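Peer 1: This is what each chain is made of:
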Amino acid sequence: MSVQTNKSSSPAFYALMICLIIMAMGPIMLMLATSFKTNVDVNDVNVGSFFFTPTLRNYEAVLCNVLWYSPSSVDYCDPTFGRALGNSIFIALVSTAITLIIGCMAAYALVRFRFMGRGPISMTTLLMRMVPPAVLLVPVFGIWTFQYGLDGTYTGIILVYVAMNLPFVIWILQSFIVQVPIQLEEAAKMDGANPFQVFFMVVLPIIKPGLAAAAIFTFRIAWNEFLLGNALSGRGTRTVPVTIVNSITEYDIDWGVIMATGMLLAIPPVIFTFVASKQIITGMTAGAVKG
Amino acid sequence: MPTIRFEQVEKSFGAVRVLPPLDLTLDDGEFTVLVGPSGCGKSTTLRILAGLEELSGGEIYFDEKPISNLASKERDLAMVFQDYALYPHMNIAKNMSFALRLKKTPAAEIETKVKRVADMLNIGHLLDRKPAELSGGQRQRVAMGRALVRDASTFLFDEPLSNLDAKLRGKMRTELAEMRDTLDKNMVYVTHDQIEAMTLGDRIVVMSEGVIQQQGTPEQLFKEPANKFVAGFIGSPTMNFLDAELVSEKSKLWARGDGFNLPLSKEMTATLKGYSKKEVTLGVRPSSFSTDTKAGAPIELRLVVSEYLGAQSTLVTKCGEAEVLVEHESSSPVRTGGTLKFGVRTEELMVFDKETERRL
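Protein sequences appear in the order of chains A and B.
Per the numbering used here, residue 1 is the first one in the first sequence, and the count goes up by one each step.
Per the numbering used here, residue 1 is the first one in the second sequence, and the count goes up by one each step.
Worth double-checking, as some hints may not be accurate.
To be verified - Calculated lysine-lysine pairs in the DSS-like style (CA-CA distance at most 30 Å, straight line):
#1 B:K318 / A:K208
#2 B:K318 / B:K266
#3 B:K130 / A:K208
#4 B:K65 / B:K130
#5 A:K208 / B:K104
#6 A:K208 / B:K266
#7 A:K278 / B:K130
#8 A:K278 / B:K94
Everything labelled a hint here was simulated from the structure, so no lab data went into it.
Note that the structure is predicted; figures quoted are calculated from it, not measured.
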């Protein structure tokens, strides 16, 4: 105990901690501060980063079409952000759901069924993950646009995100399914469950922590992804990251609005992560079989 | 309750044959115990019966109806697993009612059935808990309850007590024995513990290396073992085996070996007539020794260790170079290192063929 206290009370340790905290929190604080500044204050070198007259104008501008009042500060209400937020939520949720459904079934098959090429398939799913999205960009764009006409549709983007996230989800869930004692499945079989009932009523509830972890991962990637989203989305299907970049033009960069959008962008994944992480508990098979 | 018949059932895992063709009939309403050392194929036999393993050849009949192509759930069986296999995400009531819920039994019926079985097993107060909150013994009861709720025709037990501590195991064994008498069901029970087998079984099937060595009532197996394996497996402490030569002298057969010379009973002398001058293995139960030297043929044993067990002690002794276990009343103390005289009840001796290990 005393050794630990000595270690953590050294000034160098605290200095390091403070450095790390500043590095982690600094940009976020700066973004938060800027989102409350007027454009004039942003560009005025005499106005400090954190000392200024705060305003809600930027948020009003971003949320103008979802607010219950029409803000006086906004001359023209641009509906882009509201639409993009809807798109982002829809695309992230749907692609997460599809990835999890396919992923858990694939993982179960790879773990429990004996078939030819099981090992190589299990390995190649992960290999797919090693390909950087930038490499996929051109071929995917070509195929999506010219062969299937999926460019600019939700289907196109969701399909790409599912394909991108599936390998990792399969890989994570495999390690969870391996831990489900086979006796449980045998017991369910003896109790009269068919293979689907065994899977949905016994295996799936037990690997809920794995599903939650995979969901957080998938949701965050789909939510933040820019490169493929930029290439494949149309005007009506753009996600928030794409919208933010598109709002930067040659004539006008509205930093306040961009920062406000950024702050709003960060909220849904935080909520999602908190909700999902409630499911991540240890000891998922406690009490099932004699250890 | 069907009569279950195994006909030439065999099982191989790849090139490894774990079960050579096996014939076995389990009678209606009988408590059958499959017993044998680890890896003797008893669990595999049970799992084949349960439908958890496919058989590689032969057929199983329920009342002359072949069932090997039926899925587990179509065989009307309930099974208790060695390591409980409780569903960790369901509470005890849900665990026990899982099979009934799958069958879409009305909720009211499920409740009464679960309640009845839970009360029978003294787990009625645990129904709202999760398996993780239960002790080993309680989990074992729940596993048992989950099978009993089913009302299946045949119950399968795969070493259900082997994970419990000794005291609890004894208690559960008694309860199982009680249950056996109240339920009119087929029960097939797999264990490696011969005490469980002896106390529970109407009929015991002793297996070794996938082959049935002998089947019969506990008494038959103890008194008339078919071969050396069964004789050594059944009974505790285990039977002593001594190399001996049969010698005919004074119109009697004598088993003579390193440190002993024991006359055989009249009946044995008659049946073993042709075996004079042959090398055999002599089997002596530890309980056949008596401190009263007049109670049987005299034998002198060198005491090595005395294992005190309470009213009884097990004496580890040497007869020549061979180790001999002797059951001994603790009330008459013995001194380690000395030589002791015992009387052997010769009518309890068994003689085994040295090559085939069959009892003669």
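Peer 1: None of the hints should be skipped; say for each whether it holds.
Peer 2: Verification of the hints:
Taken as a hint, the K318 (chain B) and K208 (chain A) pair is broken in the structure, with Cα atoms around 61 Å apart against an allowance of 30 Å. Our distance criterion of 30 Å between C-alpha atoms is met by K318 (chain B) and K266 (chain B), whose separation comes to about 28 Å. At roughly 16 Å between alpha-carbon atoms, K130 (chain B) and K208 (chain A) fall within 30 Å of each other, so this suggested pair holds. Proposed proximity of K65 (chain B) and K130 (chain B) is contradicted: the alpha carbons are some 40 Å apart, above 30 Å.
For the hint linking K208 (chain A) to K104 (chain B), the alpha-carbon distance of about 25 Å falls within 30 Å, and the restraint holds. Between K208 (chain A) and K266 (chain B), the direct Cα distance comes to roughly 73 Å. Violation of the 30 Å bound is thereby established for this hinted pair. A hinted pair counts as satisfied when its Cα atoms are at most 30 Å apart, and K278 (chain A) with K130 (chain B) qualifies at roughly 19 Å. Our distance criterion of 30 Å between C-alpha atoms is met by K278 (chain A) and K94 (chain B), whose separation comes to about 23 Å.
Figure legend: structure checked against the earlier numbered hints; hints not met, in rising order: 1, 4 and 6.
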